[in-house]
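For the protein sequence lines, the chains are X and Z, in the order given. Each residue of the first sequence is one higher than the last, beginning at 1 in our numbering. Each residue of the second sequence is one higher than the last, beginning at 1 in our numbering.
Rather than coming from a laboratory, the hints here were simulated on the basis of the structure. Computed from a prediction, not measured in an experiment: that's the story for all the values here. A portion of the hints provided could be inaccurate.
The list that follows gives simulated cross-link-like pairs (lysine-lysine, DSS-like), each with its CA atoms no further than 25 Å apart [as the list claims (entries may be wrong)]: (1) X:Lys209 <-> X:Lys288; (2) Z:Lys137 <-> Z:Lys84; (3) Z:Lys298 <-> Z:Lys287; (4) X:Lys209 <-> Z:Lys506; (5) Z:Lys560 <-> X:Lys188; (6) Z:Lys560 <-> X:Lys209; (7) X:Lys209 <-> Z:Lys419; (8) Z:Lys84 <-> X:Lys188; (9) X:Lys69 <-> X:Lys8; (10) Z:Lys84 <-> Z:Lys139; (11) X:Lys288 <-> Z:Lys506; (12) X:Lys188 <-> Z:Lys178; (13) X:Lys188 <-> Z:Lys213; (14) Z:Lys419 <-> Z:Lys475; (15) Z:Lys672 <-> Z:Lys682.
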Amino acid sequence: MASGMQEKQYTPSLLNFFVYNPTFGQKEGEEEKKILFYHPSDVEKNEKIRNVGLCEAIVQFTRTFCPTKPAKSLHTQKNRQFFFEPEDNFWIVMVVRNPMIEKPNKDGKPPTVEYQEEEIIDPLLTLITFLVLQLFNGTFGRQMEAGGVELLIQKLEKFFYRYLQTLHLQSCDLLDVFGGISFFPLDKMTYLKIQSFVNRVEESLSLIKYTAFLYNDQLIWSGLEQDDMRILYKYLTTSLFPRHSEPELAGRDSPLRPEVAGNLLHYGRFLTGPTNLKDPEAKFRFPKIFVSTEDGYEELHLIVYKAMSAAACFMISASVELTRDFCEQLDGLVGPQLTLLASDICEQFTVNRRISGPEKEPQFKFIYFNHMNLAEKSTIHMRKTASVCLTSVHPDLMKILGDINCDFARVDEDEEIIVKAMTDYWVVGKKSDQRELYVILNQKNANLIEVNEEVKRLCATQFNNIFFLD
Amino acid sequence: MSEDREERPLDREERPPDREEHYLDREEHYLDREEHYLELCENPVQFENASSVNNVFFDEANKQVFAVRSGGATGVVVKGPDDKSSVAFRMDDRGEVKCIKFSIGNKILAVQRTLKSVDFINFIPDYPHTEFTQECKTKNASVLGFCWTSWNELVFITDQGIEFYQVLPDKRSLKQLKSQSINVNWYQFCPETAVLLLSTTVQGNVLQPFAFKVRAGSGTMSKMSKFEIELPVVPKPAKLSLSERDIAMATIYGQMFVMYLKHHSRTNSPTAEVVLYHLPREGVCKKTHVLKLNTTGKFALNIVDNLVVVHHQSSQTSLIFDIKLKEPDCAVNTHQPVLPARSIHPYRIPLAGPAVVPSQPPIPCQLYSSSWSVFQPDIIISASEGYLWYLQVKLPPTVNLLQDKGKLMDFLLRRRECKMVILSVCSQSGEKGRLPIVATVFDKLNQVYKEYLEAEQSYTAAVESGPSRGSAAPKRPVRTQAVVDQSDMYTHVLSPFTERKGVSHKFIIAVLMEYIRSLNQFQITVQHFLYELVIKTLVQHGRFYMLHQFLQYHVLSDSKPLACLLLSLESTYAPAHQLSLDMLKRLSTANDEIVEVLLSKQQVLGALRFIRSVGGHDNVSSRKFLDAARQTGDQMLFYTVFRSFQQRNQRLRGSPGFNPGEHCEEHVVHFKQLFGDQALIKPSTV
Chain X
1 MASGMQEKQY TPSLLNFFVY NPTFGQKEGE EEKKILFYHP SDVEKNEKIR NVGLCEAIVQ
61 FTRTFCPTKP AKSLHTQKNR QFFFEPEDNF WIVMVVRNPM IEKPNKDGKP PTVEYQEEEI
121 IDPLLTLITF LVLQLFNGTF GRQMEAGGVE LLIQKLEKFF YRYLQTLHLQ SCDLLDVFGG
181 ISFFPLDKMT YLKIQSFVNR VEESLSLIKY TAFLYNDQLI WSGLEQDDMR ILYKYLTTSL
241 FPRHSEPELA GRDSPLRPEV AGNLLHYGRF LTGPTNLKDP EAKFRFPKIF VSTEDGYEEL
301 HLIVYKAMSA AACFMISASV ELTRDFCEQL DGLVGPQLTL LASDICEQFT VNRRISGPEK
361 EPQFKFIYFN HMNLAEKSTI HMRKTASVCL TSVHPDLMKI LGDINCDFAR VDEDEEIIVK
421 AMTDYWVVGK KSDQRELYVI LNQKNANLIE VNEEVKRLCA TQFNNIFFLD
Chain Z
1 MSEDREERPL DREERPPDRE EHYLDREEHY LDREEHYLEL CENPVQFENA SSVNNVFFDE
61 ANKQVFAVRS GGATGVVVKG PDDKSSVAFR MDDRGEVKCI KFSIGNKILA VQRTLKSVDF
121 INFIPDYPHT EFTQECKTKN ASVLGFCWTS WNELVFITDQ GIEFYQVLPD KRSLKQLKSQ
181 SINVNWYQFC PETAVLLLST TVQGNVLQPF AFKVRAGSGT MSKMSKFEIE LPVVPKPAKL
241 SLSERDIAMA TIYGQMFVMY LKHHSRTNSP TAEVVLYHLP REGVCKKTHV LKLNTTGKFA
301 LNIVDNLVVV HHQSSQTSLI FDIKLKEPDC AVNTHQPVLP ARSIHPYRIP LAGPAVVPSQ
361 PPIPCQLYSS SWSVFQPDII ISASEGYLWY LQVKLPPTVN LLQDKGKLMD FLLRRRECKM
421 VILSVCSQSG EKGRLPIVAT VFDKLNQVYK EYLEAEQSYT AAVESGPSRG SAAPKRPVRT
481 QAVVDQSDMY THVLSPFTER KGVSHKFIIA VLMEYIRSLN QFQITVQHFL YELVIKTLVQ
541 HGRFYMLHQF LQYHVLSDSK PLACLLLSLE STYAPAHQLS LDMLKRLSTA NDEIVEVLLS
601 KQQVLGALRF IRSVGGHDNV SSRKFLDAAR QTGDQMLFYT VFRSFQQRNQ RLRGSPGFNP
661 GEHCEEHVVH FKQLFGDQAL IKPSTV
């Protein structure tokens with residue numbers, strides 16, 4: 001304690017991530033064939049086989065206790081392993097090293113390491129990972145059908161190379177667990193204008209099957225079904241948008257130069273596909289995504305087009321080849337309208353803000369989530385970017401939120417949990433029907449009754465338009 | 001083109017060369033009857049055709065046709081627009097009749113037979129019928145004609161001025177009220193506004209209007225400011241250059257206009273045009289509109305439904321102009337025809353009389369005949385055939401002739417009989433239109449709808465606030481056919497549209513949303529049945545997530561019926577339950593409904609907590625809650641609820657027992673069975 005040397009904290013980190021199928025390579029000496037993807041790739045082959053074999057064994061072993069529900073995770077002192085079988089015999093395994101504190105010792109002894117086993121990383125992460133994978137590649141089975149194991153391995157390699165970079169375990173918190181959608185608050189008239197815009201574009205460019213509309217990285221309209229939108233939203237907000245916002249923030253030399261289509265100035269540009277329409281070499285290739293239909297999946301081109309803060313995603317059947325003509329048509333049609341809408345929304349937004357008072361710092365720190373429409377709202381997160389998650393509260397409090405959430409997940413009934421945390425902090429979790437609300441309060445010498453009253457007040461002011469049982 | 005004087009034959013067009021070939025042309029028009037947007041009325045006024053023994057006169061003021069046989073000796077038959085205004089009588093033949101007219105209400109008949117005087121006959125019962133005469137007072141003047149301005153007042157127009165008289169029927173004499181001397185070439189009278197227009201100066205192009213108060217007994221005549229019609233060529237030496245047949249007066253959109261048919265001249269305009277001069281009651285007359293005819297020849301003008309109709313004799317077609325339609329590619333106030341030139345719809349004269357043979361087909365009537373005379377505002381007379389028709393606009397053919405749907409709507413919304421046509425345009429654009437067009441159509445419609453609603457609202461407000469000093473009693477706004485409300489749209493357009501086969505549901509929903517957007521844009525409250533239609537359509541096509549999003553953004557406004565509709569969807573779409581409860585909560589008048597919903601879900605505690613939080617705990621029926629609690633089969637729940645109501649009773653009435661009116665006896669028994677007597681809260685003994 002008295003020593004000037006500092007403790008060192010280590011955040012959780014991804015040790016391994018692999019995908020395997022135990023039915024492949026069953027012959028002696030061909031075990032490597034089971035492995036479809038392994039991160040990190042520079043691990044020695046035998047170690048890969050050993051790790052995969054261990055997982056296989058654990059799953060097999062636990063199956064004997066409960067054949068229908070095999071083990072989901074294994075916790076050890078140093079790390080946690082998550083097992084997830086999204087499709088028959090295809091396993092996704094994630095190994096995370098627990099956070100730890102390194103305490104320096106005197107007299108040159110090696111430092112003592114304390115692992116913090118209770119830190120949570122929700123197993124849902126593997127599910128979401130799979131869903132994102134599926135969004136871009138379809139199911140494993142489909143991949144196998146399309147091009148055998150080689151193609152599958154190739155695709156996994158390509159996908160995870162980028163995806164794992166966006167997986168920031170150290171900043172994972174309750175919001176990642178929810179995987180919710182943040183909706184942009186908007187007045188009815190502007191919303192109807194957007195509706196009208198979407199309908200008109202879909203009518204003029206009849207190739208477009210679905211459209212989603214976002215503003216400020218928040219969703220306004222989705223033509224996709226909810227589950228698909230959830231994953232697309234996650235991809236857009238954690239991967240695509242951050243990648244493009246960085247050059248915008250970087251300075252003047254950004255692609256944010258207005259385009260002139262006809263006599264209309266507009267700021268529209270493609271975030272996927274061609275970066276510059278005028279480039280004669282431009283390629284008109286767009287990422288493909290898989291969304292669910294009544295009978296299985298359909299493959300779609302994903303065109304993301306942005307003007308200022310408004311982004312529109314247009315989805316077109318992958319069987320259609322997209323041409324320069326089409327892209328130019330889209331640019332000419334959507335660019336000016338989207339630019340106009342973006343400034344309309346911006347204006348509305350600032351007007352509403354002015355009405356509701358000058359930048360009122362929310363008195364309450366809360367996270368809200370509705371399972372029904374996946375709507376999430378947080379006054380704890382200042383701005384969630386890819387690399388850093390700026391929360392305004394102490395990680396320990398965030399951890400309590402996670403714990404309460406775990407408790408809620410265990411029961412179906414409505415509940416309320418109030419926790420007295422350190423240094424005058426209170427954490428309240430409420431569950432009503434399909435909604436969850438977490439509030440963090442800091443009141444000196446408050447007692448349980450006062451905290452309860454305070455939360456009631458919050459519900460009455462912030463959530464007066466929804467039915468929230470006290 | 002008033003034609004109410006002298007025996008001049010009613011036609012004023014020169015005879016076209018040959019009628020027969022035109023007749024053949026017209027047969028083709030029969031094939032394409034969709035295109036005729038003008039027609040003659042079905043029931044024309046029939047009269048004895050003009051002949052050597054029968055002179056025909058028309059009075060624009062009373063819209064009466066006079067058939068004068070042998071100077072009146074063998075009878076005068078007067079036919080008006082209805083039977084009431086039709087009269088037949090006999091009068092002495094005292095010379096050739098130049099002009100004959102009844103005063104307003106058929107009270108006094110005035111007949112002009114000479115250039116110096118006018119004769120009068122009383123038609124008021126019990127008054128002497130003998131004629132009396134009034135000579136014009138100006139020396140050496142000739143009477144050009146006369147016009148009645150009320151039941152007993154009339155004005156003589158002479159070549160040297162005007163003389164305004166009051167007839168005293170009992171005294172069989174006239175009293176001069178006013179006179180004005182001015183050189184007059186010719187005159188026109190507009191009975192609708194009671195404005196008399198005199199052509200003065202040598203060239204005749206300086207027009208002097210006089211206004212007469214129409215109210216009987218007031219006897220006022222006022223001089224309005226004169227104005228000059230710009231002539232295409234100024235003749236040298238000066239001579240009469242403005243013909244009365246090129247001038248007409250009419251009221252268009254409630255404003256008085258003088259219409260000047262300006263023929264082409266080699267020096268300036270290559271084609272003819274109609275120039276409109278706005279003639280306000282007070283102030284200066286100004287040239288306001290120019291209607292481009294894009295052709296030359298002989299023309300005649302009518303006003304129908306506020307449209308200026310220009311008949312072109314040589315092509316046997318007519319054009320229509322709407323002075324309120326703005327032309328984007330024209331200079332301000334210059335107008336092109338709204339529609340391409342078409343002939344009036346072919347007309348067949350039914351063979352009247354008792355001797356009609358059924359097999360005999362009606363005879364096609366010769367349209368644009370040289371024997372036609374055209375009167376304001378909408379009258380066409382064929383003196384040689386003995387017919388008077390009203391010209392009418394047929395709106396349905398305009399729909400296909402006018403491609404620009406926005407312009408079409410602007411045009412239709414100003415027409416009298418427009419509702420069904422407008423609705424058919426809406427249906428049509430729903431069928432094959434494109435969304436931007438649909439949007440324009442809806443916006444135009446709702447603009448008019450909103451204006452009406454506002455007028456109605458301010459009327460109601462004015463009525464409620466009572467009569468205010470100095471202002472006239474509020475006038476109830478007139479609901480014209482152009483006001484197409486939500487139920488019209490629902491019944492005739494939207495509801496049938498959603499049931500149409502072969503239209504993608506995406507487009508149906510887009511159209512519905514477009515209508516709702518348009519209503520919102522004009523701040524018109526959307527009615528429930530439209531929301532119901534949207535929901536029905538979405539549910540039918542399984543677009544629940546779409547519905548969810550609409551509700552999330554309050555596109556479908558909260559209401560109890562909507563909340564109930566959502567509740568009914570719960571079995572097919574679970575989140576509808578939450579949406580419904582939220583809506584009931586927001587309504588804040590639906591607490592009972594919320595309790596019912598919760599109880600039906602067996603959320604008894606939730607219901608209890610809710611009703612307590614809104615302060616309704618003291619008034620709810622304890623039996624309802626106990627029933628629900630018992631139904632759950634959860635004994636602890638029953639216990640809790642039972643005790644809670646006992647506590648309520650204690651608080652309210654000082655005793656934990658239930659009143660007999662609450663019908664809770666069986667629950668008390670049940671409670672005792674489960675938990676024993678001692679579990680009941682006992683009445684406090686203190």
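A quick look at each hint next to the structure:
1. X:Lys209 <-> X:Lys288: 14 Å, holds
2. Z:Lys137 <-> Z:Lys84: The given pair, whose Cα atoms are some 35 Å apart, is violated under the 25 Å limit.
3. Z:Lys298 <-> Z:Lys287: Holds, at roughly 22 Å.
4. X:Lys209 <-> Z:Lys506: 10 Å, holds
5. Z:Lys560 <-> X:Lys188: 19 Å, holds
6. Z:Lys560 <-> X:Lys209: 35 Å, violated
7. X:Lys209 <-> Z:Lys419: Measuring from Cα to Cα gives roughly 36 Å; hence the hint is violated.
8. Z:Lys84 <-> X:Lys188: The hint is violated at about 58 Å.
9. X:Lys69 <-> X:Lys8: The given pair, whose Cα atoms are some 39 Å apart, is violated under the 25 Å limit.
10. Z:Lys84 <-> Z:Lys139: Status violated; Cα separation ~40 Å.
11. X:Lys288 <-> Z:Lys506: 23 Å, holds
12. X:Lys188 <-> Z:Lys178: 66 Å, violated
13. X:Lys188 <-> Z:Lys213: Roughly 54 Å separates the two Cα atoms, so the pair is violated.
14. Z:Lys419 <-> Z:Lys475: Between lysine 419 of chain Z and lysine 475 of chain Z the Cα gap is close to 23 Å, so the pair holds against 25 Å.
15. Z:Lys672 <-> Z:Lys682: 13 Å, holds
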